[in-house]
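Asker: In case you want the letters, here they are:
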Amino acid sequence: MSIKNRLLAGSLALVTGFASIPVQSLSQVTDDGPRRVIDMKLQERARLAVERGLEYLKNTQNPDGSWTDKIGRKVHYEYRGRLGKHVGVTALACIAFLAQGSLPGRGKYGEQVEKGLDFLLRNVQTNGFITVNESRMYSHAFATLFLAEVYGMTGMDRVKEKLKSSVGLIIQAQNETGGWRYQPGADDADMSITVCQVVALRAARNAGINVPKSVIDAAIKYVRNSSNIESGGFMYQHEVSPTGRVQRSRTTFPLTAAGITTLYGAGVYEDRVLDRGLSYLRRHRPRRYEALNTFDYYYGMYYATQAAFQRGGEYWTTWHRDTWRDILSLQNPDGSWQDLVGPNYATAMACIILEIPYQYLPIFER
Amino acid sequence: MSHDRALLPAVLLVVGMAFFCQASRVASADVGSALIPLLVGADGVIQEYRDAVDRIDSGDSLEGIRRLQVIHERIWGEDPLILASASKEWRIARPLSDRIIAKLRDMSPEQQNLYRQEYQSRASSVLERAMAEMDPTSLLRVAELYPLTEVRETALLAAGDLFLEQDQPELAIRVWQEATSGFGEKASGDLYQSLLLRRAIALKRLGKREELRDLRKEAAKILRDQFSEFEQLLDKSALVSGEVDIVSAPRLQVTDGAIAWKTHDYSRHVAFSPSRGRGYYSDGTGAILAPCFGDGWVGIATSRKLLRYDLRTGKLISDLNLRPGAPYFEEQDIATRLWTVQEGDFILSSYVARASRREDYLGFDIQVSLPWRGMKCWDLSKSGSLLWDTASRNVADDMLRTTSFNSAPVVGDDRVWALGWRKSGYIDVTMWCLDAKTGNGIWSRPIVGNQVDLTMFGEPAREPILGSVLVRDGVVYCCSNLGAIAALRAWDGEVLWILEYDRDSQRSYRGRYRPQRRNSIWAPNPLVLEDGVLFVTPLDSDQLYAIDASNGQVKAHVQGKGLGPYMLGTTDGRLVLFGDLLTTMPANDVGRTEIWKQALTRSPGLGRPALVSDGVVYVSAGESALIHQGLDPIKPPRSIASLAPEETPQTRRGLFRVEESFGGRVDIDGERIVITNQNRATCLTQKRVLREEKR
Numbered sequence: 050m051s052i053k054n055r056l057l058a059g060s061l062a063l064v065t066g067f068a069s070i071p072v073q074s075l076s077q078v079t080d081d082g083p084r085r086v087i088d089m090k091l092q093e094r095a096r097l098a099v100e101r102g103l104e105y106l107k108n109t110q111n112p113d114g115s116w117t118d119k120i121g122r123k124v125h126y127e128y129r130g131r132l133g134k135h136v137g138v139t140a141l142a143c144i145a146f147l148a149q150g151s152l153p154g155r156g157k158y159g160e161q162v163e164k165g166l167d168f169l170l171r172n173v174q175t176n177g178f179i180t181v182n183e184s185r186m187y188s189h190a191f192a193t194l195f196l197a198e199v200y201g202m203t204g205m206d207r208v209k210e211k212l213k214s215s216v217g218l219i220i221q222a223q224n225e226t227g228g229w230r231y232q233p234g235a236d237d238a239d240m241s242i243t244v245c246q247v248v249a250l251r252a253a254r255n256a257g258i259n260v261p262k263s264v265i266d267a268a269i270k271y272v273r274n275s276s277n278i279e280s281g282g283f284m285y286q287h288e289v290s291p292t293g294r295v296q297r298s299r300t301t302f303p304l305t306a307a308g309i310t311t312l313y314g315a316g317v318y319e320d321r322v323l324d325r326g327l328s329y330l331r332r333h334r335p336r337r338y339e340a341l342n343t344f345d346y347y348y349g350m351y352y353a354t355q356a357a358f359q360r361g362g363e364y365w366t367t368w369h370r371d372t373w374r375d376i377l378s379l380q381n382p383d384g385s386w387q388d389l390v391g392p393n394y395a396t397a398m399a400c401i402i403l404e405i406p407y408q409y410l411p412i413f414e415r
Numbered sequence: 005m006s007h008d009r010a011l012l013p014a015v016l017l018v019v020g021m022a023f024f025c026q027a028s029r030v031a032s033a034d035v036g037s038a039l040i041p042l043l044v045g046a047d048g049v050i051q052e053y054r055d056a057v058d059r060i061d062s063g064d065s066l067e068g069i070r071r072l073q074v075i076h077e078r079i080w081g082e083d084p085l086i087l088a089s090a091s092k093e094w095r096i097a098r099p100l101s102d103r104i105i106a107k108l109r110d111m112s113p114e115q116q117n118l119y120r121q122e123y124q125s126r127a128s129s130v131l132e133r134a135m136a137e138m139d140p141t142s143l144l145r146v147a148e149l150y151p152l153t154e155v156r157e158t159a160l161l162a163a164g165d166l167f168l169e170q171d172q173p174e175l176a177i178r179v180w181q182e183a184t185s186g187f188g189e190k191a192s193g194d195l196y197q198s199l200l201l202r203r204a205i206a207l208k209r210l211g212k213r214e215e216l217r218d219l220r221k222e223a224a225k226i227l228r229d230q231f232s233e234f235e236q237l238l239d240k241s242a243l244v245s246g247e248v249d250i251v252s253a254p255r256l257q258v259t260d261g262a263i264a265w266k267t268h269d270y271s272r273h274v275a276f277s278p279s280r281g282r283g284y285y286s287d288g289t290g291a292i293l294a295p296c297f298g299d300g301w302v303g304i305a306t307s308r309k310l311l312r313y314d315l316r317t318g319k320l321i322s323d324l325n326l327r328p329g330a331p332y333f334e335e336q337d338i339a340t341r342l343w344t345v346q347e348g349d350f351i352l353s354s355y356v357a358r359a360s361r362r363e364d365y366l367g368f369d370i371q372v373s374l375p376w377r378g379m380k381c382w383d384l385s386k387s388g389s390l391l392w393d394t395a396s397r398n399v400a401d402d403m404l405r406t407t408s409f410n411s412a413p414v415v416g417d418d419r420v421w422a423l424g425w426r427k428s429g430y431i432d433v434t435m436w437c438l439d440a441k442t443g444n445g446i447w448s449r450p451i452v453g454n455q456v457d458l459t460m461f462g463e464p465a466r467e468p469i470l471g472s473v474l475v476r477d478g479v480v481y482c483c484s485n486l487g488a489i490a491a492l493r494a495w496d497g498e499v500l501w502i503l504e505y506d507r508d509s510q511r512s513y514r515g516r517y518r519p520q521r522r523n524s525i526w527a528p529n530p531l532v533l534e535d536g537v538l539f540v541t542p543l544d545s546d547q548l549y550a551i552d553a554s555n556g557q558v559k560a561h562v563q564g565k566g567l568g569p570y571m572l573g574t575t576d577g578r579l580v581l582f583g584d585l586l587t588t589m590p591a592n593d594v595g596r597t598e599i600w601k602q603a604l605t606r607s608p609g610l611g612r613p614a615l616v617s618d619g620v621v622y623v624s625a626g627e628s629a630l631i632h633q634g635l636d637p638i639k640p641p642r643s644i645a646s647l648a649p650e651e652t653p654q655t656r657r658g659l660f661r662v663e664e665s666f667g668g669r670v671d672i673d674g675e676r677i678v679i680t681n682q683n684r685a686t687c688l689t690q691k692r693v694l695r696e697e698k699r
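Taken in order, these protein sequences are the chains called G and F.
When you read off a place in the first sequence, starting at 1, and then add 49, the result is the number in the working numbering.
When you read off a place in the second sequence, starting at 1, and then add 4, the result is the number in the working numbering.
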C-alpha cells in the first residue's frame, strides 16, 4: 500500500513540478481511515537509510558469499560467542536484499544475493541442517526462510531440493511439546526458536513445499499455551506437569512480539490472546538506547513491527512513527547499525524492519 | 496411371482389413501361439533351430550340431524366446539359447563326443582370449556357447572368481551354481568341493548367515577330515574370521597363582579427574583401560602414551606417542575410551586431537569440554612407525577427518571397522570401514542421528560414548548408544537392518536437568552373539536386548536393573552378567526361565571381571585377592591368588580426600591373568610356572 502511495506521490511530483510538492505527499492519509496517517517524510528518510544500510552489507560480504558476526549464545544479559561466518546473518542479509526487490542474479543486489544463496546451499548438511561453525536452529530457521522466499519467487530447482531437506529437518526436529530448541532432537522447547521455525515452515508452505498440517497445529498450540493470560505477554518456556500444572518462565517483549506474529501467520486474527499481547507490546516497548547493549532489540522489533503491520490501523501508524524514528536515529554514519551480535546482524535486521511495509517479500504480505 | 494410383490405397486397405480380420480370428483362437513369435520376431531363427534339431534326431548329427552351434553363436546375448511345450494349457516362452544347451546335453554320448571334437580347440582359443581380457561376462559367454566342452567349467570358475574380485558376490554365487548344475554325479565331485569354499566366502561377504551355516553343515558332511582345513581357509579368507572380537570364555589355567610382575606407575599419563566427573563411570577408578594382547606382550593405552609391556617380564618394550592435541582435556570415562586394539602387525588407539573449552555460567554448564578423537595406527613390523592418523591434516576426506572415534574398532584382514560420531546439529553416528594399511575410507554408512543430554544452553552435556562393534560371518554389528543398533554387510556396508530402541528419558518431567553425574544401568559391554541371537546392553537404555541377528527383530528384552552393569558373555549356553549379583540365564530364552542369581560374598572391587569357562574371576577389594566364583551356586568362591597390598590410591573430591577401593579390569591370556587399573597393570600366573620361569 505504501509503495503505491509513494509512487503516486512521485508521479504527482513529476506532474506538478518539484517546487510544488503537495502537502498530502508528506503526510499521506491511508485508506484505513482519516486518523491513520503515515509520515511520508519519515518514509523517505527510511528509504535512504535502507539504501545506505544495504550498501554497507554489500561492502562487508565475504568473498564466499557469507557475512561474519558473532556466533554465540545469550548468557543471562550477555551475549557470548566468537566471530565466524554466520549462517543466520547471511540469510538475514540476503532477506534484506530480497525485501528491497533484488533476486538472485537480478536487481541492484542480485550478485550479493546469488553469492549468499550459494554459500547457504553449500552448507546444507546431508540431514538438511544448514550450519557452519556450529550454528544452531535459529540460523537454520532464518536460512530456511530465505531459501523458501527465493524458491517461492524464482522456482529455482537447485533451491528446491535443499529447501525440502531443510524443511524436513525442522519437521523431524519438532519434539513432543510441539516446539523446538537450540539443537534438533532436543526434548524441550522454547518460544523464541519455535517461532523462527514456524515462520520458516509457513514460508515454505506458501512456496509449495509440503508441510504436514499436524506440525503447524502442534506448533501453534505450543505458542498459544505460551501466552500468559495475566500479563498478556508470551513466556520463554512453559512445561505442563502430569498433574496439569503449568510451570511458567519469564515473559518478554521479543517473545510476545514473536508469538503474535506467529499467530497472525497461522491465520488467527481475532483472539483475546492477540489483543492482550499487542497491549503488552505497547507497554513494554524497549527504549532506543537499549539497542547498543543488548542482543535482542532488533530481533524484538523485527517481530513487533510485523505484528503491528498485520494489525494495521492506528496501532500500525503509531508503531511505525515511533519505531522508524528510533531506528533511523540509531544508524551509524557508515550506514550500519550495531548491537552485541554485530554490525552485519543489526544492519540486516534494521533494514528488514524498515522494508516490511514494502511487502516485497511474501512472508511480509498482509 | 493417375487413376491406378488413386485406387492403390483403397485396394491395400481392403487387403489389409481382410488380413487383419483373418489374423484376429487366428489370434483369438490361440493367443499364445500366435502372438509370442510375433513379439519376439524370432520366427526365422526358430525354424532354423527346429531344422537343426530334426537333423540331429534323424541321424545327420554333425550337420545338425554345426547348424545348432551357428544359431547359438549368432543369437547369444539376444536370446529370442521360444515356446516350450511343457504344458498344453499354458504356453511358456523360454530363451532359445537355453533350449539349445538343453538339446546339446540331451544328445547321446557319441553325439556329445562329436561336438567336443568339433569345438574343443575353438572353445579353448576363445577362452584364452576371454581370460586375457579378464572380463567375467566374456567368460560367461564362452561357458554358455560351448556347454559340452571342458572349457565350460574353467570359464565359469574364472567368471565367478572375477565377479567376487569385483565385489559382486551375488553374481559369483549364481555362476558357481551354474557350474555345478546339470552335471548330475559330478556335483559331489572335485568341482563341487572346490566350489564349497568359494561359495562360503561369497556368502560371508554377503552376510547371509543362515545360508552360510547350511553350507558349513553340507561341507562338514562332504569334506569330513578336510573340514577343519576348510574352516581355517574360510577364516583366513577375504574377511575377518568369526574369531575376531568374540567374547569367548577361556579355561582358567591359574588355580594357585602369584604375582609375576607389576608395571611402573603410569597414572601420570592418564588425564583424569574424578572430581570433575560428568561421565558415566567417573567413580570407577578401578575399572579403566582396555588392554590388548599381542604375541608375548600386552598393550595399554593411556591419555598420552600407548605402552607395550613384555608379558613374561613386565618390562616396557615400547611407548608410542599419543600426545593429545588438547593438553588441558581431562577424561570423563576412561573406562570406555582408553582402548587399544591389535591385529597382526597393526596396533590402533585413539587420542584427543582437539577439544572444546569448558564454559560455564555461575557453575551451570554452558558447554563441557568435548573431545574430538582421532584414531592412530602403527605398524609393529616396522618398529612401531605411524601408518596413519584419521585426524591428520593430510587426510583428504573431510568427513573422516572430522569424525571422532571413541569406541574400540575391529581389525581384520587389512580392514578396520570403527564407529565414529560427528556433529551436524544432531550427533551423527557413522560406521566406517578403513583400509588398515593406509587409513583410507573403503565405505561409510550413517547409522543414526540423535542427541545426548543437552545443557540448558543447548550444547551436548557430555561426550557421546559409542557402543562396541562386532564382526562375525561377514556382518558388522554395532550399537550406537544413541537409540539404534545396526547390522551391516562387512564387505560393502550395505545395511541389513537397523533396530531403534526406547531410550531412557534424558530429563525429568519438570524440565529440571539431571545431576551432573549420570549413572547408567550398564557398563560399556561388548556385543555378544550366540546361536544367532545378539545380546546388547545400550548405555542409554535400561534394557538388555536379545535380538535375532538375521533380521533385527527383538526376541526378548529384560529390565537390566539388578543384573548389570557388566555383561561378560556366554559360556555353556548361558549368558553371564555381573554386578551386585552374579546372574546367569539361558542364552536361548533370556529372561524367561532359569535365572540363577548368586550373591557375591567376597566384596568385588571396581572393575570388569573376566569370564572363564566355568565361572568368573574378579578382584576382591576387601581381601586384596583374585577370586574365582563358579557358575554352579553350590561351589563356594575361592581365592586363586593373593594380591600384594598396594599403597592405597587416594584422590581428591572437593574438600575431601577419598580413598579409592582396590580393583581393576581382569583379562586372561592363556596361563596369565592381567589386572589393569589406572595406576598400573599386574600380571599373575601359576606359581609353578613362575618358579620355572625364574629358574
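Read the hints as simulated data drawn from the structure, not as lab findings.
Treat the hints loosely; a few may be bogus.
[Claimed, not checked] Below, a sample of chain F positions facing chain G; criterion: calculated Cβ distance under 10 angstroms:
(1) K427
(2) G429
(3) Y430
(4) F461
(5) L604
(6) T605
(7) E675
From the three backbone atoms N, C-alpha and C, an ideal C-beta is built for every residue, glycine too.
Asker: Quick one: which hint numbers does this structure break? Sort them smallest to largest.
Answerer: Violated: hints 5, 6 and 7.
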